[in-house]
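Visitor: One letter stands for each residue in the lines below.
There are 2 protein chains.
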Amino acid sequence: MTQDWNRFLSVEAKNRHPSVMKTVGGPDIISFGCGMPHSDCFPLKGLSIKYTTPDSNFKKTAIGSNEDDANSKEGASEIYQMCQYMSASGTTYFKKWTHEHIEEFHKPAFRDWDCLIQSGATLSFDQILRMICDPEIDTILAEELTYPCFLESCKPLRLKVFGVKMDADGVDVNDLDMILTNWYEDERTKKYRKPKFYYCMPFGQNPSGITMTIQRKKDLLQICQKHDILVVEDDPYFHLQLDPSAKNVPSLLKFDTDGRVLRIDSFSKMMMPGMRISVVTANNFFVKKLTMMNELSIHSAAAPSQLIVYMLMQEWRQQGFRQWIEYIQANYRRRRDIILDAFDKYLPKSLCSWNKPSSGMFLWIKLRLDKFPKLDRSEDDSEWALELEDLVYDQALKEKIYLTKGHWFMIDDMVMAGFRATYASGEYEDLYEGSRRLGIAIRHVHENLYEK
Amino acid sequence: MTQDWNRFLSVEAKNRHPSVMKTVGGPDIISFGCGMPHSDCFPLKGLSIKYTTPDSNFKKTAIGSNEDDANSKEGASEIYQMCQYMSASGTTYFKKWTHEHIEEFHKPAFRDWDCLIQSGATLSFDQILRMICDPEIDTILAEELTYPCFLESCKPLRLKVFGVKMDADGVDVNDLDMILTNWYEDERTKKYRKPKFYYCMPFGQNPSGITMTIQRKKDLLQICQKHDILVVEDDPYFHLQLDPSAKNVPSLLKFDTDGRVLRIDSFSKMMMPGMRISVVTANNFFVKKLTMMNELSIHSAAAPSQLIVYMLMQEWRQQGFRQWIEYIQANYRRRRDIILDAFDKYLPKSLCSWNKPSSGMFLWIKLRLDKFPKLDRSEDDSEWALELEDLVYDQALKEKIYLTKGHWFMIDDMVMAGFRATYASGEYEDLYEGSRRLGIAIRHVHENLYEK
Chain A
1 MTQDWNRFLS VEAKNRHPSV MKTVGGPDII SFGCGMPHSD CFPLKGLSIK
51 YTTPDSNFKK TAIGSNEDDA NSKEGASEIY QMCQYMSASG TTYFKKWTHE
101 HIEEFHKPAF RDWDCLIQSG ATLSFDQILR MICDPEIDTI LAEELTYPCF
151 LESCKPLRLK VFGVKMDADG VDVNDLDMIL TNWYEDERTK KYRKPKFYYC
201 MPFGQNPSGI TMTIQRKKDL LQICQKHDIL VVEDDPYFHL QLDPSAKNVP
251 SLLKFDTDGR VLRIDSFSKM MMPGMRISVV TANNFFVKKL TMMNELSIHS
301 AAAPSQLIVY MLMQEWRQQG FRQWIEYIQA NYRRRRDIIL DAFDKYLPKS
351 LCSWNKPSSG MFLWIKLRLD KFPKLDRSED DSEWALELED LVYDQALKEK
401 IYLTKGHWFM IDDMVMAGFR ATYASGEYED LYEGSRRLGI AIRHVHENLY
451 EK
Chain Y
1001 MTQDWNRFLS VEAKNRHPSV MKTVGGPDII SFGCGMPHSD CFPLKGLSIK
1051 YTTPDSNFKK TAIGSNEDDA NSKEGASEIY QMCQYMSASG TTYFKKWTHE
1101 HIEEFHKPAF RDWDCLIQSG ATLSFDQILR MICDPEIDTI LAEELTYPCF
1151 LESCKPLRLK VFGVKMDADG VDVNDLDMIL TNWYEDERTK KYRKPKFYYC
1201 MPFGQNPSGI TMTIQRKKDL LQICQKHDIL VVEDDPYFHL QLDPSAKNVP
1251 SLLKFDTDGR VLRIDSFSKM MMPGMRISVV TANNFFVKKL TMMNELSIHS
1301 AAAPSQLIVY MLMQEWRQQG FRQWIEYIQA NYRRRRDIIL DAFDKYLPKS
1351 LCSWNKPSSG MFLWIKLRLD KFPKLDRSED DSEWALELED LVYDQALKEK
1401 IYLTKGHWFM IDDMVMAGFR ATYASGEYED LYEGSRRLGI AIRHVHENLY
1451 EK
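Protein chains in written order, with the working numbering: chain A, 1 to 452; chain Y, 1001 to 1452.
No lab work stands behind these hints: they were computed from the structure. Among the clues, some could well be false.
To be verified - In silico contact screen, one side only, chain Y against chain A (beta carbon under 8 Å); selected entries:
| # | residue |
| --- | --- |
| 1 | W1005 |
| 2 | S1039 |
| 3 | S1056 |
| 4 | M1082 |
| 5 | F1110 |
| 6 | P1373 |
| 7 | Y1428 |
Model, not experiment: these values are computed from the prediction. Ideal Cβ placement from N, Cα and C applies to all residues, glycine included.
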């Protein structure tokens, strides 16, 4: 007998559904879809363990072996710490390194800050959501195109997200100011509780690829101060600054004298996502609460992950780490330049446009809606935009090129049809070939519509 | 200006407080407090990484070195999987091993089961709570003395926990039956929603050390079936079966033909807590929901942890793993026997009693309340019990022996004064010396009360 287990679910669980983000794979399919780092950008190439053996009744040790040229790290205290329970704020050595790293790269303006090691940015924003928002009651502000996993984390908690307009410099602070000023007058917002925070991705925003300028960051903080709201700065692409225009832009932390920024750093894009390490930097009050949440959930990021990253830092030293950052930047810059060159060659500029991201892994392709004939003139413009996006998406898949649909990133329906493309994980020839196929797909849809 | 940040907190976060469990350390203090594994029971003694070097612009590799006798594991696909994002149900190789392990040791009776890798039992029961319970509305049943971290996970969600009586064989199923049968008549329960699950620790229960018998497990499942509730079987001590009486007792999964058991396995006690690995085994429906929660929180346990445990299993093979289990059992059995010998020597049997646990890390010391003169005869019995417990706790600390207070484990006030003592992490001489000090403390409190 198959039971219906739904009767045991919480409202949260009932509102939890599979991700809208689909990954399409298969023979010959080229993917511009998932933002996975390229394997050239992983520094770890082997692992060896020294373990106690059954033959000696676990008194003597042996080595897990595939090669002959490796040596074993056996700083007794680190290995013991890696095996044993650890503090909810992280292992001593890694916590210390992280604190120095935050100080060196972000220079927080607020004095009473601290940081906390967690297991990945997705967990971190889920914990922050639960720390700040009451399910079904609270609301959140975010860029009008934003990261689907963030939206999907809000859904089970029934938190309504309101979109704020963006331009090439980042969030439109006037729009943000207007929304908050008119909150209890505007029909759209007045029945909801005023938001407690604004969620943003300041570098190489996912999906738009936009990097917020210094001036915009200062303006953003001023508006947040005016309306007394917090900022969650989710910043996995900070170290993927590809152009000089991005290179001198600091974190919001540097301008935040109030302590209203909760920053999430991640090791996923600049090192290895498999480590599951993120760092939350915020004022002490929030870090303490999040530490209590760590105690009753993950404890901390897994100790082997903390040790491996720490060992890398010890081996490379500060100078080597800076070289690593330059190395991955050069790697992704090259890939970005290749996809831009390929788009320039293969995409019909009369039918679509795209941006040149100064950091991160993504660029945003927008279809020129006015160049595609609208078949049903009575149809709503935003419905038509979605329909067109679907047509191109499906045709692209037929041409064996996979992209991420723009509508997966929209908070509300928009009169916009677009795609997020990543250059992060594709090989050079695939970046060219994928672009060629995409060009064919867009032209095909366009011609087909005219024939109808 | 110091701000009051409380205005930004959710109700959940406002109800989150530091743990009641205190750890007391210091020079010369012997601890019978924390249930940390002994370092002899950690199989990992060294770690080595092969990493790309700055000098070669990250083309060539080097080894993090402390010794000369190590070899590097470099199964290309495992190392790549360890670096890259992974599936929310775990890495392919570890998921496969785990599935076989569950099948071999627990033999689930329900056909449509699956398992899921998460990062530690504490996270797992937090996720299960959120999957099943609506904050402020749902209720939970648990053993009347239970694990404080579980109670503290319920608190921020405002889930009321009701205690079920226990005896030497585990949960008192008649009491469980009565509570559920009379739920909507009993003054104590009738205003609350009927519980959706019963939470238990079947082996070496924390704090009582009790192991549930086979018959009791069958009876428990029958009652849960009768009232249509689930069972959460939190079982970190399964592999710490110290006596033959525990050795042939299987998991609840083996008798669960309905699929109503959600079992949590942990690698923390039988291997290394620093790995942060737990496994939830349940019917497919719940595993799918929990996998969605993984996707939007931890993704999975960190990949290095999964790889390290997997490498150990490959090196040891099945036979070696079974030897490992016997080795840690022998280790903890020896420690348990020593503390029992020490208690026998040093504790006043006229003033207290204790049990001999057949599995796990803990035993439970009960003060004989009737042997201590009650100073204020008008005082409530349960208040007096707490007061006496405090007196012994404080006196023990003066004698430099630390124990975990019984009241930290009580769901409701009980007319009971007791302590949880662990033999897991103490050295042999400390187990004796700590017991001697405890004996002095108990006698001292007793004499002092008579002098008053």
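Visitor: State for each hint whether it applies.
Guide: Against the structure, the hints:
The restraint placing Y:W1005 at the interface with chain A holds, with a minimum CB-CB distance near 4 Å, inside the 8 Å limit. Hint on Y:S1039 holds. Least Cβ distance to chain A is approximately 6 Å, under the 8 Å limit. Given hint, Y:S1056 at the interface with chain A, is violated; its Cβ is 10 Å from that chain's nearest Cβ, farther than 8 Å. A cut of 8 Å between beta carbons decides the hint on Y:M1082: the least distance to chain A is about 5 Å, and the hint holds.
Contact between Y:F1110 and chain A, as hinted, is not supported at the beta carbon level, the nearest pair being about 10 Å apart and thus beyond 8 Å. Annotation: interface hint on Y:P1373 violated; nearest CB of chain A at approximately 40 Å, more than 8 Å. The beta carbon of Y:Y1428 comes no nearer than 17 Å to any beta carbon in chain A, farther than 8 Å, and the hint placing it at the interface is violated.
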